[in-house]
Amino acid sequence: METIMAFVVGALFAASIYMMLRRSIVKLVIGLILLSNAANLLIFTVSGLTRGLPPLIPEGSSLPAGGWADPLPQALVLTAIVIGFGVLAFAVVLIHRAYEVINEDDLDKMRSTDT
Amino acid sequence: MLIAVLSGFILAAFAPWLTRSLGDKAGWILALLPAGLFAYFLTWVPVVITDGAQVVHYPWIPGLDISLSILVDGLSLLFALLISGIGTFIIIYAGGYLHGHEDLPRFYAIMFSFMAAMLGVVLSNNIITLFVFWELTSITSYLLIGFHHEQKDARWFALQGLLVTVGGGLALLAGLIMLALAGGGSFELSEILANEDLREYGFYTGMVILILAGTFTKSAQVPFHFWLPNAMAAPTPVSAFLHSATMVKAGVYLMARLNPGIGGTELWLYALGIFGALTMFTGSFMALRSTGLKAVLAYTTIMALGTLTMLIGIGTEQAIIAAMTFLLAHALYKASLFMLAGALDHETGTKDITKLGGLRRLMPITFVTACIAALSLAGLPPLFGFIAKELMFEAALQAPTIGLFFTVLAVLSAIMIVAMAAVFALRPFIGDLKETPKKPHEAPLSMLIGPVVLASLSLIFGLVGFLPAAALVAPAVESVYGAPIDFDLYLWHGINLPLMLSVLAVALGLLLFWKWNAVLAVFSRMTFIDRFGPERGYEKLMDGLVWLAAWQTRLLQNGYMRNYLITIVLTTVALTGWTLFVHAGSPMPLGDISFSLHEIVVAGLVVMGAIVASVTSSRLGAVATLGMVGFGIALIYVFFSAPDLGTTQIMVETLTVILLVLVLFRLPSFQKLSSTASRMRDAVVAVSLGGLMTLLILAVNAVEVTEPISDQLVAWSYPEAHGRNIVNVILVDFRALDTLGEIFVVGLAAIGVYAMIRLRAEDKAK
Amino acid sequence: MNSMGSLILRTTARFLLPLLLLFSVFVLLRGHDEPGGGFIAGLVAAVGFALYLFAFDAARTKPLLVMEPQVMVGAGLLAATVSGILPVFAGLPFFTALWWPVEMPGFGEVKFSTPLIFDIGVYMVVLGSVMKIILALAEAEE
Amino acid sequence: MSEVMSAFFLLVGAGFVLIGALGVIRMPDLMLRMHTTTKAGALGGGLIAIGAGLFFADASIMVRAVAILAFVVLTAPIAAHIIGRAAYFVGVPLWERTVTDELRECLDTEKHTLHSTKLKSDRSE
Amino acid sequence: MPIWVITVSYLLLCIALILGFVRLVKGPSLPDRVVALELIASITVGLILIYAVQTGMPYFIDVALVLALTGFMAAVGFARYLERGGSRDE
Amino acid sequence: MSPEVALPVIIPFIAGALSLIFYKSHAAQRWIGVVGTGALLIASIVLLYNTYTQGILVMEMGNWPAPFGIVLVSDLLGAIMTVLAAIMGFAVAIYSLPTISKDHEAFGYYPLTHLLLAGVCGAFLTGDVFNLYVWVEVLLVASFALLILGGERAQMEGAIKYVALNLLSSIMLLTAVGLTYGLTGTLNMADLAVKLPEVEDQGLVTVVAMLYLVSFGIKAGAFPLFFWLPASYHTPPVAVSALFAGLLTKVGVYALFRFFTLLFNHDVGYTHELLLWMSGFTMITGVLGAAYHYEIRRILSFHIVSQIGYMIMGLALFTPLAIVGGVFYIMHHIIVKANLFLVGGVVYFLRGSYELKEIGGLWRTKPWLGLLFLVPALSLAGLPPLSGFFGKYIIIRAGVEAESWGIVAVALVVGLLTLYSMIKIWAEAFWKAQPEEHEERAAQFERTLSDKSLALMILPIAALAAMTVFIGLGAQPIYELADAAAEQLLDSTHYIQAVLGETP
Amino acid sequence: MIWFVWNIMLALAWLLLTGNFSGSGLLTGMIFGYVVLYLVALGKGQRITYVRKIPQIIGFTLFYIWELIKSNVRVAYEVLTPRHTMEPGVIGIELELQSDAGITILANLITMTPGTLSLDVSNDRRMLFIHAMYAGDEESLRRELKDLERRVIELLS
Ligand code: NA
Ligand code: NA
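Chains as they are written, first to last, in the numbering used here: chain X, 103 to 217; chain U, 384 to 1149; chain E, 3 to 144; chain L, 2 to 126; chain W, 26 to 115; chain F, 21 to 524; chain Z, 1162 to 1318.
Hints are computed from structural coordinates only; laboratory data are not their basis. The beta carbon of each residue, even a glycine, is placed where N, CA and C say it ideally should be. Treat each hint with caution, since some may be false.
A few chain X residues facing chain E, derived, Cβ under 8 Å [as the list claims (entries may be wrong)]:
no., residue
1, L158
2, V184
3, A191
4, V195
Let the hints inform the model, and build the full structure from the sequences given.
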């Protein structure tokens, strides 16, 4: 399944980059959200996929029964999801606010700070 | 000794305050410092003559081989004496020249800094320290050239001088570092020059070129000479000091200093000799074309610098003697002439020679002094300048391989210089009195004492040549030549070729002087020269720089977000992809492709959803699809044993959709903004990154990790950390610091959002 | 018009909010042993308040939060940070977990710990932040 | 026995969910689609939950399973109501074979209010 | 639990998921998409539960619980958007 | 255990949390601002001192031994960077008192600043790659929020690019961290230094290194990844610009130094050659961008880019001396660049504009300001005897010793062009007379600025200028520090041993 | 109702104190909480009534589940048969129930029962608008809905 997931993650990366390359700020931010998901899945995938063995220790035992999926990438991804959520919440409101100030959602018309 | 070198800086710090509190007498009192220094350096003369070169070592930055060590030998002492001696008079002179000027306090501050820096250049034994002072002279000189900074020209010319000299300086830095490497790692001049095989250094040519780039720019050699006349935008005391006697000679100093170590090669001969000779000629020629008092002197300075360079390049015993003699002679008459030019300007209000005349009665002292100094400039007996010029002709004649070239240029220059010396000394004073902006009268004592003393010295040294020869020139020659040379200086050498050449030069020069008006008329029609000169080159370079900067910046920083993204993505793909194909040797196994129905369906829909979201024309459709993708990813987490992740993903996805919906409310619908071609391009870019990521995952997945650190975490989770949910234990215990950072991120995002929205609300309220 | 004007939604929100809050506390407290934890719990609570906000309006939702959202964020951050500092006073490195099993007569052993304080901090930060964002957006819209 | 029951619930639940999904494809307008999702979709999810609860045969898990059922059954109509209402407000078209529409005339889209008086007066006439 | 029960359940839910996705993409109106998203949330609940049964890991039921409790929030959000006069042409 | 290693992170965290709790009292926030950053400064100096005297200090968070928990590690580079961050934080805290508007104070300026510092210090001190990602995000989000304070149009436009491109960078970093874990099963940097060489396919390690390179390259503002920086740095309040200028890109540079000495030193001929090319183009493109502009903050922003090139050049040459130069350069540059922004702010408050064509006459009326500008400006251009000269000298000397003539030439030419830009500011803002058409605004601004405010602005500027002079004239101790830091960087056994114990 | 919420609160407090976050723990907590509340209410001279309704609630729940199954079968029939026999329509029904809770429960029940879907309540709460799949026979539809309303009123009284 890792192989299939590799392609899934690749497709997610591609879709999100394609979306970020549009001119609309809305698409930019949706692309970012998707990209963040793609990266999380990547971490999850590269450290190996394990079916049906959540890293939880049953009562009366000191190790998960019958093996475990690596908990560390899970913790990393969880942290990354939360961070991504915070950051993207900011980004979402930013485009909202930017649109109010600039009255334009076309990125091509937001060039005054560069040139 | 160190205090002597640095005392100028110390005084500079207090100079503004002193100038204000001392009032009219400031110049005289402040001049006590350079006068004292002069006296101090004089005490070193016997030491050097008897004991040879002295090195005094003070540590500074030993780690970088930078020290404050000081090298006192004939060469440095000659320069130090000139700097402090002439400096004394300049300080006095400035007090008169800039009397009552509101910026006089800061002028003194910069001037003393400059003087100290210049002393530093000539006395440093450490080449990096030398460079430090070298650059300081450039900066202080910049501030002085731009003294009248409200004038656009002053700013422009100041910048020109700075860029040229600092630009050369930077090359010099590289050259000096190479020099140290060539010398086996020591940065002390005394040790480097003791090294015999500097010329064997593998990058000798490059090193010499870099060093010469520094010295040529500083010493205004062709083709970098143009900045020097422009630097006359500075007040006259500055011109007199910096641009005649001292700073511009820093380059000459360095060439002379390094001559025993790296000189004597063909490269050295041709580079210095040819460029020097051309500079000499160019300076003389341009002087002939000039009508400004200061411009004439500036060009003759260029001539002198060229002459000195040429002589050092020739490098024979004769040439070195000539160089040092010429150096001394030039300093004396040129400083004197500059100060006189300033006096004329100051008293009459014009710098244009053609507008002056008949001042001999009103300014008799000035007239006489000018005559003496000009005679020395012209190289006529019995002045010191004559001795120097004779020696120069002789050196040129004896020069190896291209002596004729040197001689011809030297004579041609001499002719023109004689003419200009006459112009300078006579035109303003003889004939009828001309109307000038100011009513002329003799300049105050402060402005005359310098020229008079220095001109007198020109005369005295000419008459008693053995005096400077023994005390000043000989030790310097020894330093430059690298070995002691026995010689004496006297006016009469008998009738020889140099003398004949002198006579020829004087005769033709006087003829030229006689026909000066006609000559000027011819030159005024030759404006095409100005269109091709190196100054045009400089301007073109600056224009080109501005154009290039604009072109590049508009090209790169073009404001188009997608161009930025594409660049970054393609850079990633190129670097990573290239490395993957070229450096990662292992074959890429396809890995585990087993799957279950529900997995493949969910995975497929996640992909489909992502694609749909990225191409749909409906914004909220995209958001809804994004929600579905989120659920799909949550399912994947669940399917592969991550219940906490699944839950979190679901919650986050829900909140993200809520946020997007709240926000999109005000934003406009999607429009089809980009062309099909750009869509195709974007698709290619996007797919290239996606493909790369797929390959990376496959490659990394093929690597077996035997003992991940998480095994230990699992083992500790319940017995040590008292938790059954290992992921949670990691989050709140093993890696609590991550989580702490994470919640700070969330909190920060909230503050940011609040600020964005509320600030706007307040704006509206206003 | 401030709310969605749906009586049905308002009634549901009034009922679901306490339910979600209780559920969130449940998820928070057992997070150390089963799926859950401060973050998920905070989000569940936030969803409850968001529902209430959508049904009513910002003015009526704010007082339910007990404290200003940014104070809640600050307090949560402080709690989490302090839980990491406490062990230093016991001569242990930052974030060393301290456990205080308390024997309560009749209830058995109850385990208080710094990780629990930390998780509560996480809960407060998440809830406060999300509410701050959503409230700000809703207020701006109103 | 409980395993058979469990399997039954799982299969029936999944079947209902599928029916809901089919409805969402087949039904001709939004309102009718909502009929299928709120009923079949929600109940299907709930039944699967019961099936899972039975499978594990543990009181605490069963409590959760029932909670899932309860939540699904509770929230599905709310969602349907809120979407249907909004869709109606924004004028999502009804199927052309719709027989009556009493709401349309009571709706004041400008003020966003819905009044009962017009309809009642019609009826009392 | 017999494997075929699990497989058939998965199969039914997967077909449902695909159908839901089709409606989500097709729309045509925003409420249509939202309804589809609601359905997908229900299907997700089902899939998670089946998975819990398949693996015998009751922990996953909690995930379904959370989704069941909060899944309708997206619909509420979209509805709010529409009621407040968000763009209707999508 | 060494609790002082964690203090530079904990102190700003607490200060930030307290500022949030007292969000209604601006006075309290200001006090927390000054006291908090002051405490941070003291703590970081103590940390540096202890690190210098006792060697690399390690703090195992949660008492879990490395590599299993997260460690904070203070080696000299990390400690130096922390001190610099604290200096900047303290200077800007004081500068903020008169320059930050009430509005900004009300909307979280102070907590944001503290948390930015926490993120920066965390990034400098962490010994764990994922934890580094977390800190980077902390400082990033703080910077996002600071960037948009004010809500002007330009800020919004700049922020969109800043946010999007930096997020892209963070996501790449996250991806790289994930791949690193997939390759080695560890996240601890010291452990990675041991385990990365054990990976069978070293090419794959290089591939991952490339991802880090791009990610940190974006953060550092290196060519061709710097676009976000000139698009945004000139838009926020100047105190914020100064803080950003001093600190943010340096996190990227720091990370490059850390990763490409400790972790990716297996194929120097390839990776560092790439870095060298990157550094050259970074210098050139940055300095040309500055040459193009006529707005003080834009000029300075582009110079950040170009100066980053020098630092990377130090790393890329990868000789002991070059690393020393890089470290030295970072130290010098943080102080100088931030100070230039601060001076630019004073210019603004005296003249009402950052546009060089609209301002002038400052050398006449405020000569001390002129000196305070010249010190950092000439230092930036690398003129002796200021701090920048020694930085450049070391790097160029390293380049000459390595016989990398091309990069040496670039470094020299770029130095000259830097001087050109600085002189442009000097000539226009200070030398030129105030243009008449903007005279009124200038006069009004100058009137409005109270002496007390001016004094509070000048205080940090003068202090930083004094440091610039000191780093120049007293370069020896700074050199020794950089030298010791470089030695630790180049011999990773120090680091590994300190973190993992006796088994390197 | 507020007592019920309190009861759940106490149950959770119990969970917190015992550290036993399981269903059985919750049940114990509920009982424990109920006892406490009962005593408190006694002290205040009030009675807690919701317990007495438990049989009624169970009965209603069974009815409701039955309705649910019926509605699903009907929907399934409509979905699975190739031809649509629906005659959909939106109709308004007058409400007797006036409490928020009552209206909400009724609306939800209507949604979950066969062929009907609550859309909205008029602002004056007098009328509930529903969408019906089979609006052809309006009278019987209204009768069914009235019957449902009666059951809810009984439950809540
Ligand atoms: Na792997
Ligand atoms: Na910079």
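Now the hints, each set against the structure:
Because the smallest distance between the Cβ of X:L158 and any Cβ of chain E comes to about 7 Å, under 8 Å, the interface hint for this residue holds. A cut of 8 Å between beta carbons decides the hint on X:V184: the least distance to chain E is about 6 Å, and the hint holds. Restraint check, X:A191 versus chain E: the minimum CB separation of about 5 Å is within 8 Å; hint holds. The restraint placing X:V195 at the interface with chain E holds, with a minimum CB-CB distance near 7 Å, inside the 8 Å limit.
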